[in-house]
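J.: Chain by chain, the residues:
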Amino acid sequence: SQQGEEDPQALSIQEGENATMNCSYKTSINNLQWYRQNSGRGLVHLILIRSNEREKHSGRLRVTLDTSKKSSSLLITASRAADTASYFCATWRNRDDKIIFGKGTRLHILP
Amino acid sequence: GAVVSQHPSWVICKSGTSVKIECRSLDFQATTMFWYRQFPKQSLMLMATSNEGSKATYEQGVEKDKFLINHASLTLSTLTVTSAHPEDSSFYICSARAKGRGEAFFGQGTRLTVV
Chain A
89 SQQGEEDPQA LSIQEGENAT MNCSYKTSIN NLQWYRQNSG RGLVHLILIR SNEREKHSGR
149 LRVTLDTSKK SSSLLITASR AADTASYFCA TWRNRDDKII FGKGTRLHIL P
Chain B
59 GAVVSQHPSW VICKSGTSVK IECRSLDFQA TTMFWYRQFP KQSLMLMATS NEGSKATYEQ
119 GVEKDKFLIN HASLTLSTLT VTSAHPEDSS FYICSARAKG RGEAFFGQGT RLTVV
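If you read the sequences in order, they're chains A and B.
For the first sequence, my numbering begins at 89 and goes up steadily by one.
For the second sequence, my numbering begins at 59 and goes up steadily by one.
These aren't lab readings, by the way, just hints derived from the structure by calculation.
Just so you know, these numbers come straight off a predicted model, no measurement behind them.
A couple of the hints might just be wrong.
Here are the computed lysine to any residue pairs in the SDA-like style, where the Cα-Cα straight-line distance is at most 25 Å [claimed, not checked]:
{"hint": "1", "chain 1": "B", "residue 1": "113", "chain 2": "A", "residue 2": "139"}
{"hint": "2", "chain 1": "B", "residue 1": "157", "chain 2": "A", "residue 2": "126"}
{"hint": "3", "chain 1": "A", "residue 1": "186", "chain 2": "B", "residue 2": "98"}
{"hint": "4", "chain 1": "A", "residue 1": "144", "chain 2": "B", "residue 2": "156"}
{"hint": "5", "chain 1": "B", "residue 1": "99", "chain 2": "A", "residue 2": "126"}
{"hint": "6", "chain 1": "B", "residue 1": "99", "chain 2": "A", "residue 2": "135"}
{"hint": "7", "chain 1": "A", "residue 1": "186", "chain 2": "B", "residue 2": "172"}
{"hint": "8", "chain 1": "B", "residue 1": "157", "chain 2": "A", "residue 2": "106"}
{"hint": "9", "chain 1": "B", "residue 1": "157", "chain 2": "A", "residue 2": "139"}
{"hint": "10", "chain 1": "A", "residue 1": "114", "chain 2": "B", "residue 2": "133"}
{"hint": "11", "chain 1": "A", "residue 1": "191", "chain 2": "B", "residue 2": "113"}
{"hint": "12", "chain 1": "A", "residue 1": "191", "chain 2": "B", "residue 2": "99"}
{"hint": "13", "chain 1": "A", "residue 1": "186", "chain 2": "B", "residue 2": "133"}
{"hint": "14", "chain 1": "A", "residue 1": "158", "chain 2": "B", "residue 2": "159"}
{"hint": "15", "chain 1": "A", "residue 1": "191", "chain 2": "B", "residue 2": "133"}
{"hint": "16", "chain 1": "A", "residue 1": "186", "chain 2": "B", "residue 2": "104"}
{"hint": "17", "chain 1": "A", "residue 1": "186", "chain 2": "B", "residue 2": "117"}
{"hint": "18", "chain 1": "A", "residue 1": "191", "chain 2": "B", "residue 2": "119"}
{"hint": "19", "chain 1": "B", "residue 1": "157", "chain 2": "A", "residue 2": "119"}
{"hint": "20", "chain 1": "B", "residue 1": "157", "chain 2": "A", "residue 2": "138"}
{"hint": "21", "chain 1": "B", "residue 1": "99", "chain 2": "A", "residue 2": "133"}
{"hint": "22", "chain 1": "A", "residue 1": "191", "chain 2": "B", "residue 2": "157"}
{"hint": "23", "chain 1": "A", "residue 1": "191", "chain 2": "B", "residue 2": "90"}
{"hint": "24", "chain 1": "A", "residue 1": "114", "chain 2": "B", "residue 2": "117"}
{"hint": "25", "chain 1": "B", "residue 1": "99", "chain 2": "A", "residue 2": "106"}
{"hint": "26", "chain 1": "A", "residue 1": "114", "chain 2": "B", "residue 2": "159"}
If we strip away everything but chain A, and leave its shape as in the complex, we get (with noise of 0.2 Å):
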């Protein structure tokens, strides 16, 4: 398969929750993004982690990455309404110089 796996495939939380997503992935990568995507639109980057790096955060976004686990992570803290959206992992392999998405995860922040 050319996509990585993405656990859960949908998630709903109430709000203010923190939400967890996870990512594995199958070979040998450079990096590893997270991008957000509402429905029908475009693609919204969120956090780059590369991959000699183990964490990362942004707000109220934190990034791991185990490469031994070929694994990543996105916790979303504090979740709010405006968080609905599917997100993406994508990898840049090395083998191939190529960026592959995972599955995605639909999140769903209940009132």
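Given chain A, put chain B in place with the hints provided.
T.: What follows is chain B alone, placed relative to chain A:
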């Protein structure tokens, strides 16, 4: 900086016609551009990779004669959907890799509807 402009943002065309989508890097030189397709409620699937001045490399299952890609300059790549059919209706997104940088930047996408 690092803005990628994709045009048009949406297009409706008749079955059998061809549609051209442009992807421009506005403030940087893009040595590589990627084209993706996204069906409703699905992820982005890489269609092809194009390098300036050379032929595009297509992913398995993507018809190169149907999806023509031209990367004529370091700031412009075009995707032409030839003889479009309703099943080609989709969201198409381009991404440009900045020369000398390990990052790529995405256009806002083009929603193609073939009627």
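J.: With reference to the structure, classify each hint as holding or not holding.
T.: For each hint, the structure was consulted:
1. B:113 - A:139: violated, 30 Å
2. B:157 - A:126: violated, 29 Å
3. A:186 - B:98: Roughly 23 Å between the alpha carbons, so the hint for residue 186 of chain A and residue 98 of chain B holds.
4. A:144 - B:156: Within the cut-off at roughly 23 Å; holds.
5. B:99 - A:126: holds, 11 Å
6. B:99 - A:135: Cα-Cα ~22 Å, so holds.
7. A:186 - B:172: Violated, at roughly 29 Å.
8. B:157 - A:106: violated, 37 Å
9. B:157 - A:139: holds, 20 Å
10. A:114 - B:133: violated, 32 Å
11. A:191 - B:113: violated, 28 Å
12. A:191 - B:99: holds, 10 Å
13. A:186 - B:133: holds, 19 Å
14. A:158 - B:159: holds, 23 Å
15. A:191 - B:133: violated, 29 Å
16. A:186 - B:104: holds, 9 Å
17. A:186 - B:117: holds, 11 Å
18. A:191 - B:119: At roughly 18 Å apart (the allowed maximum being 25 Å), residue 119 of chain B and residue 191 of chain A satisfy the hint.
19. B:157 - A:119: Distance of about 17 Å is within 25 Å: holds.
20. B:157 - A:138: This hinted pair holds, its Cα atoms lying about 18 Å apart.
21. B:99 - A:133: Roughly 19 Å between the alpha carbons, so the hint for residue 99 of chain B and residue 133 of chain A holds.
22. A:191 - B:157: Distance ~28 Å between residue 191 of chain A and residue 157 of chain B Cα, so the pair is violated.
23. A:191 - B:90: The hint holds at about 23 Å.
24. A:114 - B:117: holds, 17 Å
25. B:99 - A:106: Holds. Residue 99 of chain B to residue 106 of chain A sits at ~23 Å (cutoff 25 Å).
26. A:114 - B:159: Holds - the C-alpha atoms of residue 159 of chain B and residue 114 of chain A are around 23 Å apart, at most 25 Å.
Of the numbered hints stated above, those contradicted by the structure are hints 1, 2, 7, 8, 10, 11, 15 and 22, listed in ascending order.
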